[in-house]
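S.K.: Generate the whole structure from the sequences, applying the supplied hints.
As you go down the protein sequences, you meet chains R and S in turn.
Here my numbering is used: the first residue of the first sequence is 1, the next is one more, and so on.
Here my numbering is used: the first residue of the second sequence is 1, the next is one more, and so on.
Calculated from the structure, these hints are not laboratory results.
Among the hints, erroneous ones may be present.
One copy or any two copies: either way a pair holds, since identical chains are not told apart in the list.
As the list claims (entries may be wrong) - Listed next, the in silico SDA-like pairs over lysine to any residue satisfying Cα-Cα at most 25 Å (straight line):
id, residue 1, residue 2
1, 29, 409
2, 92, 4
3, 92, 404
4, 29, 62
5, 29, 150
6, 251, 171
7, 182, 408
8, 29, 65
9, 29, 58
10, 147, 326
11, 92, 181
12, 41, 360
13, 376, 412
14, 147, 192
Number of protein chains: 2
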Amino acid sequence: MTESLLDRRARLMGPNIPTFYRHPVHIVKGQGVWLWDAGGKRYLDCYNNVPHVGHCHPRVVQAICEQAATLNTHTRYLHDLVLDYIERLTDKLGHGISQAIMVCTGSEANDIALRMAQAITGKTGIIATDATYHGNTTAVSQLSARKPPIGGRWPNVRLVPAPDSLRAPDPTGAIFAAHVEKAALDLEAAGFGLSGMLFCPMFANEGLPTLPRGFMDATVQVIRKHGGIVISDEVQPGFGRAGSHFWGHDKMGFAPDVVTMGKPMANGHPVGAVATRPDIMAAFRNSFSYFNTFGGNAVSSAAALAVLDVIADEGLQENAARVSAHVLERMRALSHPLLADVRANGMFFGAEFVTDADHTPATAFVGNLVEAMVDKGFILNRIGRAQNTLKIRPPLPFSIENADMLMDAMEAALRETPVTA
Amino acid sequence: MTESLLDRRARLMGPNIPTFYRHPVHIVKGQGVWLWDAGGKRYLDCYNNVPHVGHCHPRVVQAICEQAATLNTHTRYLHDLVLDYIERLTDKLGHGISQAIMVCTGSEANDIALRMAQAITGKTGIIATDATYHGNTTAVSQLSARKPPIGGRWPNVRLVPAPDSLRAPDPTGAIFAAHVEKAALDLEAAGFGLSGMLFCPMFANEGLPTLPRGFMDATVQVIRKHGGIVISDEVQPGFGRAGSHFWGHDKMGFAPDVVTMGKPMANGHPVGAVATRPDIMAAFRNSFSYFNTFGGNAVSSAAALAVLDVIADEGLQENAARVSAHVLERMRALSHPLLADVRANGMFFGAEFVTDADHTPATAFVGNLVEAMVDKGFILNRIGRAQNTLKIRPPLPFSIENADMLMDAMEAALRETPVTA
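M.R.: Here's what the structure looks like:
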């Protein structure tokens, strides 16, 4: 090749296009929990949540193929599949949530959720955490802690300190609730009022802290007291990944007003959704014109239906719970001087490394550890404010055997990776 | 059925969900330019631009199926297809535009385009027309004239009077440019400055006015003089629909700085894109963190590549030009007391009806005409500020024979529809 793929990307996509790893992998094939690169090397996928029921699951592929060959139109015509899907989806949701809007991405879902909060409350103030990411639209990226937007963050946004079970234990959630209350009062004093709070019930991007069921109770009470609504971003915890429950909010034991979904919904087909109660839906629908051409199209609905079928028929939520317990047990048995904490939340795992008793993040070490694991054929990455927590979030069919392969390799990588960094 | 599809939609999707027609059609199958409803009735599709190369085109379906069965991952791993697509796409674009970001919807593309304008200019003022629609995100819907957003329109948005070739002839575009200049000065006086103007080069939602090549020259000059960039929304005109040219901006003869795309790109697979020059891409990439999980995934890229192949191999742009001339000739031969104007822009047609010499819109009549055509098995609709212009925008394989079927039926419907309204 006269021009490498990286050079070609820079030429066609521009600068600062994120890739994973020092030597980005060139993946050409996927099947179940396995990926293959262009050189034929096989990787165990311990990272990707988009191929939720496994890469290229034949039932999802078949659903897409059959419907794509039959009809693919928008919801301005009547069609059964989008209704079948919303019915199946809302059957999995409680708390009076019985309606949904289908969109194409989790970002679009969260962008709507913010407007739902405005419509039902008449207020515009919004709270998120200071170590989060909820999507890429102009409005939703205002909630991202990553980079302050041009012109500064909108004045109606407040970012509160994210939970951190290692550095700032908060067993009842009272500290977090106090931060949220301060932000709500601040928004009221500034004249915006509180429309709601948007958060991931797993706090996945925040580093997957270990939080007890009930942790959000005080916070939810504060949000409601100030007239706001509770928006649960289930892009990461939802669809059975949480293991013990189908949704992260049910695992945490709180009732959301709005639930947003994205990545895993259709195993990679671009599908997102926002589900809510009829009162909030009516407020949104009466305040904003909204139509999404591709949202809920027949093929997207068929793909999303197939994913629900596979989760149920293959017992993937139960598998997540079973494998979660096994991985956590093996992670707890790890011994390493920099390992400060291991965390599991269903089929989502974190292992945090620090350099000293003050919990100084071992960011460089974890970077090297990730590279070592990729070399060994294991796709994973890192999370958290300081990127010093290993992030392990495999497709749901990840088995006990896969878990043992991963943990055996990690034990070796921990022995081999220098602790100097 | 104990519950009609409409009742079920209201229960599962909420109120104010747009449908087409007094008796919404329940479409179950599509092939080429044909649609079938649940009762087996066949319709000629004279309306849908999403199935750009024809409903369920076998080459697009095959591309989707093969890639969905092989691999569907995001662009944080290296993959050839997204690069192959951007290369093919930008090869069709001139004006120094050589880079693109793949997204899932035209809304996402326009949402990015607004931020590109901010990034390259350092300003936030933005101009659109007062009868337009560019998408559904919080930011982009600020440019929609349809319904003022909660809390009022953002102060950095200016909507200028849309071109109207029937009521306000402006053969050189000088009047339109003067409106834009006034808006730019206003934005500067308000302290926002001008970041750019976003418009459809066909002004499709505005009613598809008949505008000469060069109409936008004065406006483009004004935008540049005030330091803004020119964003061409090619969701409707692009990909050969304009007939004489592949893009609407080339048909109009101006050089855009940013080009946005959506609906037709992948024949219904959720794909959008924003293309620009390297200087603007770098400004955006250095100012905003942006990653789109589904954008440019392997399946979306394969579908979009197949669409480009089909357009070329089946000569669909040339077909659009040929059929356009034929339909326009037949529309000009129509005789009806309320018919004020017929307009064609490639495979996109308007026929405007008015009740008097003051051009009072014959909104109700056109509503009845649309219903009569649907009854006869022709899917079409209406556009424009007053919804008194027939909107005919078929998939590109629409043939001369299809056009004659349409025009024969329209002649009959015009004879049969009462003029009382």
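S.K.: All hints, please: hold or fail.
M.R.: Against the structure, the hints come out as follows:
no., hint, verdict
1, 29 x 409, "within (22 Å within a copy, 50 Å between copies)"
2, 92 x 4, "between (46 Å within a copy, 23 Å between copies)"
3, 92 x 404, "neither (32 Å within a copy, 50 Å between copies)"
4, 29 x 62, "both (17 Å within a copy, 17 Å between copies)"
5, 29 x 150, "neither (39 Å within a copy, 46 Å between copies)"
6, 251 x 171, "within (16 Å within a copy, 64 Å between copies)"
7, 182 x 408, "neither (46 Å within a copy, 69 Å between copies)"
8, 29 x 65, "both (18 Å within a copy, 14 Å between copies)"
9, 29 x 58, "both (14 Å within a copy, 23 Å between copies)"
10, 147 x 326, "neither (37 Å within a copy, 54 Å between copies)"
11, 92 x 181, "neither (31 Å within a copy, 54 Å between copies)"
12, 41 x 360, "neither (36 Å within a copy, 69 Å between copies)"
13, 376 x 412, "within (10 Å within a copy, 72 Å between copies)"
14, 147 x 192, "both (23 Å within a copy, 22 Å between copies)"
Checked against the numbered hints above, the structure breaks hints 3, 5, 7, 10, 11, 12 and satisfies the rest.
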